[in-house]
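If you read the protein sequences in the order shown, they are chains Z and X. Sequential numbering of the first sequence, starting at 1, is according to the UniProt record's numbering. Sequential numbering of the second sequence, starting at 1, is according to the UniProt record's numbering.
What the hints contain is simulated information worked out from the structure, not anything from laboratory work. Wrong hints could be hidden among the right ones.
Computed beta-carbon distance windows for the label pairs [claimed, not checked]:
1. ALA224/Z x PRO42/X: 38 to 46 Å
2. TRP38/X x ALA67/Z: 27 to 35 Å
3. PHE137/Z x TRP38/X: 50 to 58 Å
4. ALA122/X x ALA140/Z: 53 to 61 Å
5. ARG225/Z x GLN75/X: 35 to 43 Å
6. GLN11/X x VAL186/Z: 27 to 35 Å
7. PRO220/Z x GLN8/X: 29 to 37 Å
8. PRO29/Z x ARG62/X: 14 to 22 Å
9. ILE299/X x ALA67/Z: 24 to 32 Å
10. GLY138/Z x LEU134/X: 26 to 34 Å
11. TRP38/X x PRO29/Z: 25 to 33 Å
12. THR227/Z x GLN8/X: 25 to 33 Å
From the structure, some residues in chain Z lie toward chain X, with a derived Cβ separation under 8 Å [unchecked claim]:
13. SER63
14. TYR77
15. ALA168
16. GLY226
17. ARG243
Computed footprint of chain Z on chain X; a stretch qualifies when at least three of its residues, placed anywhere within it, have a C-beta under 8 Å from a C-beta of chain Z [said to hold, decoys possible]:
18. 49-57
19. 71-83
20. 190-199
21. 262-275
For each residue, glycine too, the CB sits at the ideal point set by N, CA and C.
Chain residues, written in single-letter form:
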Amino acid sequence: MANNVSAHAPSPNSRSAAVLDTYREVVTPEGVALHLPAAGPVPRALAWAIDLAIRMVVLSIVSMVVALLGVAGYGPYLIVMFVVFWFYPVLFEVLDHGRTPGKRALGLRVIAANGAPVGWLAAFIRNLLRTVDMLPFGYAAGLVASLADPWGRRLGDMVAGTLVVHDARQHEPQAAPVGVALAPAVALLPHEQAALVAFAERGPQLTQERQAELADLAEPLVQARGTLAVARLYGVANWLLGRR
Amino acid sequence: MRQETFVQRHQAEWTALEQWLDARAGNARKARAHRREWHGLPDHAMPERYRRLCQQLALARRRGYSPVVTDRLQQLMQRGHGVLYRTPPPRWRRAVEFLLAGFPRLVRAEAGVMLAALALFAVPLVAIFVAIQLQPDLSSALFDPVQLAGFEQMYDPADPSRDLGRDNGTDLAMFGHYIWNNISIGFRTFASGLVAGLGTILVLLSNGLIIGGVAGHLQAVGHGDPFWRFVCGHAAFELTAIVIAGGAGLRLGLNLIAPGQRHRIDALVEGGRRGGLLCVGVLVMLVVAAFIEAFWSSIGWMPAWIKYSVAAALWLAVLVWLFAGGRNRLYADDGLAPGLGA
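Given the sequences, and given the hints that come with them, work out the whole structure.
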């Protein structure tokens with residue numbers, strides 16, 4: 001683990017208030033919390049299966065080439081098998097920013113537990129310890145560990161100090177529609193303000209019915225239902241955004 | 001400050017940082033080569049800009065700005081964090097330095113577990129060897145008759161094909177076999193230490209029993225000469241590598257059981273880091289062993305005295321390397337293989 005990063009695994013009670021989330025919160029040296037969305041066993045198992053298929057294909061191609069060479073090809077084949085078995089994930093994880101082809105397909109990434117990119121040694125250790133995660137069969141130990149761990153880490157991840165996270169989904173940021181500003185009837189708390197602005201920003205991507213349905217929840221605030229409530233909420237959001 | 005004003009005020013800064021990350025943050029060498037063609041944010045300004053961004057993100061969160069702003073800033077920050085705190089690429093010089101100095105130092109630093117691993121491996125080996133000399137029937141309790149016949153046939157002094165050794169194709173095939181088989185065993189010896197050290201102990205004991213049993217049996221039935229001539233050379237690297245991998249595994253298991261005044265997870269991470277570094281050395285040792293085993297040990301016609309002198313030289317080299325390597329250097333313990341940083 002890089003010594004220059006003072007970030008440390010937070011104790012369970014310092015996790016964010018959103019208990020149901022699988023974010024791992026890491027405080028960087030700058031004093032700002034990074035939210036790392038940890039990945040659970042299912043997408044990781046799928047990524048592993050894809051990688052396994054790729055490895056099988058590589059090995060069968062190599063074995064076909066090698067079959068033409070006779071006995072002389074047997075040695076190189078075993079060396080290729082050694083590299084593919086032990087170093088395929090290490091090489092990809094370090095050289096492709098924490099992603100093997102399978103992880104790339106599933107939108108996963110291995111990072112150090114402090115949010116930094118994974119280094120050679122950490123990648124080597126976490127993949128060496130697959131041996132233990134596979135015990136007694138079919139990654140059972142790894143599955144139990146990742147179900148018990150709040151961040152879905154298998155044993156190798158814990159020892160190597162790494163974490164598998166979901167890549168941030170790229171969605172274009174959209175500004176809330178500009179319109180009339182409307183002062184809210186009561187003073188709103190910060191998280192309420194944030195929720196309203198978030199609604200205004202995401203609302204246009206939803207259907208009319210869904211917008212109205214959501215806006216109905218805010219009836220006490222805007223004293224209306226349906227499309228009128230939607231319009232009023234957009235107005236309040238505009239006011240909160242400072243367009244007045 | 002309202003969100004819109006905030007975004008308007010800092011938009012240009014964020015875009016500049018984004019462009020810098022897109023263009024300059026990938027390959028450090030390429031970035032150096034093209035530094036004159038870059039006219040955006042200068043490289044030296046990046047840390048400062050990154051810290052400003054962190055402050056802005058903290059402000060945005062505190063003031064409850066919407067996810068459109070905070071998510072974007074968080075993503076930017078994550079990318080900046082990755083660049084600023086990435087581990088330096090490994091360098092050849094440092095890798096050689098690690099092998100010559102850092103690795104022997106690390107082995108000596110773990111002398112306790114290394115001795116334990118040596119005992120777990122060597123005691124059953126010697127014991128079973130001696131026992132079979134006294135009571136040759138014992139070997140049939142260890143192996144079934146087909147296996148015994150196989151060993152005997154492999155090292156039969158009367159077999160004329162052994163005199164000339166193998167042809168090159170077979171040598172290469174055996175090299176691949178030793179790489180795949182022996183290094184995998186070495187790695188598993190370390191990794192299975194995570195099962196409270198039990199896995200490592202089992203591997204060491206069983207390897208000691210099997211190797212001692214085979215050697216004892218061949219000695220007892222009179223096939224000792226070709227056997228010793230074959231194994232003496234590569235044993236220097238192979239047996240020490242297995243003991244070192246075992247020591248690394250025991251260290252890991254010990255850190256799990258008795259973490260001392262640390263969090264168990266911190267002790268495990270430390271044990272894993274040291275074990276991983278030891279495994280890098282074990283990997284190199286076993287590659288050397290496989291090379292010797294495939295291309296030197298297999299030469300059948302070589303007179304015994306040459307084989308035994310080379311073996312003595314190899315043993316001496318390994319022991320000098322492990323006991324003296326890195327003693328003359330100012331080499332901070334936590335600076336072990338800095339390029340490999342976990």
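How the hints compare with the structure:
Distance hint check for ALA224/Z and PRO42/X: the Cβ-Cβ separation is about 53 Å, which falls outside the suggested range of 38 to 46 Å. Against the hinted window of 27 to 35 Å, the Cβ-Cβ separation of TRP38/X and ALA67/Z comes to about 51 Å, which falls outside the hint. Separated by about 53 Å at the C-beta atoms, PHE137/Z and TRP38/X satisfy the suggested range of 50 to 58 Å. Evaluation of the 53 to 61 Å hint for ALA122/X and ALA140/Z yields a failure: the beta carbon distance comes to about 34 Å.
At roughly 36 Å, the beta carbons of ARG225/Z and GLN75/X sit within the given window of 35 to 43 Å. The hinted range of 27 to 35 Å is satisfied by GLN11/X and VAL186/Z, whose Cβ atoms lie roughly 32 Å apart. Our hint of 29 to 37 Å for PRO220/Z and GLN8/X holds, since their Cβ atoms are close to 33 Å apart. Taking 14 to 22 Å as the suggested C-beta distance range, the pair PRO29/Z and ARG62/X conforms, at roughly 19 Å.
Judged by the Cβ atoms, the range 24 to 32 Å given for ILE299/X and ALA67/Z holds: they are separated by roughly 28 Å. The hint said 26 to 34 Å for the Cβ distance between GLY138/Z and LEU134/X, and at roughly 45 Å that hint is violated. About 26 Å separates the C-beta atoms of TRP38/X and PRO29/Z, a value consistent with the hinted range of 25 to 33 Å. For THR227/Z and GLN8/X, the Cβ-Cβ distance of about 30 Å falls inside the hinted range of 25 to 33 Å, so the restraint holds.
Nearest Cβ of chain X to the Cβ of SER63/Z: about 12 Å, over the 8 Å cut. The hint is violated. Satisfaction of the interface hint for TYR77/Z is found here, the shortest Cβ-Cβ separation to chain X being roughly 7 Å, below the 8 Å cut-off. A least Cβ separation of about 5 Å between ALA168/Z and chain X falls short of the 8 Å threshold, and the interface hint therefore holds. Taking 8 Å as the C-beta contact cut-off toward chain X, the hint placing GLY226/Z at the interface is violated, the least distance being around 24 Å.
The beta carbon of ARG243/Z comes within 6 Å of a beta carbon in chain X, closer than 8 Å, and the hint placing it at the interface holds. Three residues within the 8 Å Cβ limit are the bar, and the segment 49-57 of chain X against chain Z gives 5, so the coverage statement holds. Here the segment 71-83 of chain X counts 8 residues with a CB under 8 Å from a CB of chain Z, which clears the bar of 3, and the coverage holds. For the segment 190-199 of chain X, the proposed coverage by chain Z is satisfied: 6 residues have a C-beta within less than 8 Å of a C-beta in that chain, meeting the threshold of three.
Counting residues of the segment 262-275 of chain X whose beta carbon lies closer than 8 Å to any beta carbon of chain Z gives 7, which reaches the threshold of three, so the coverage claim holds.
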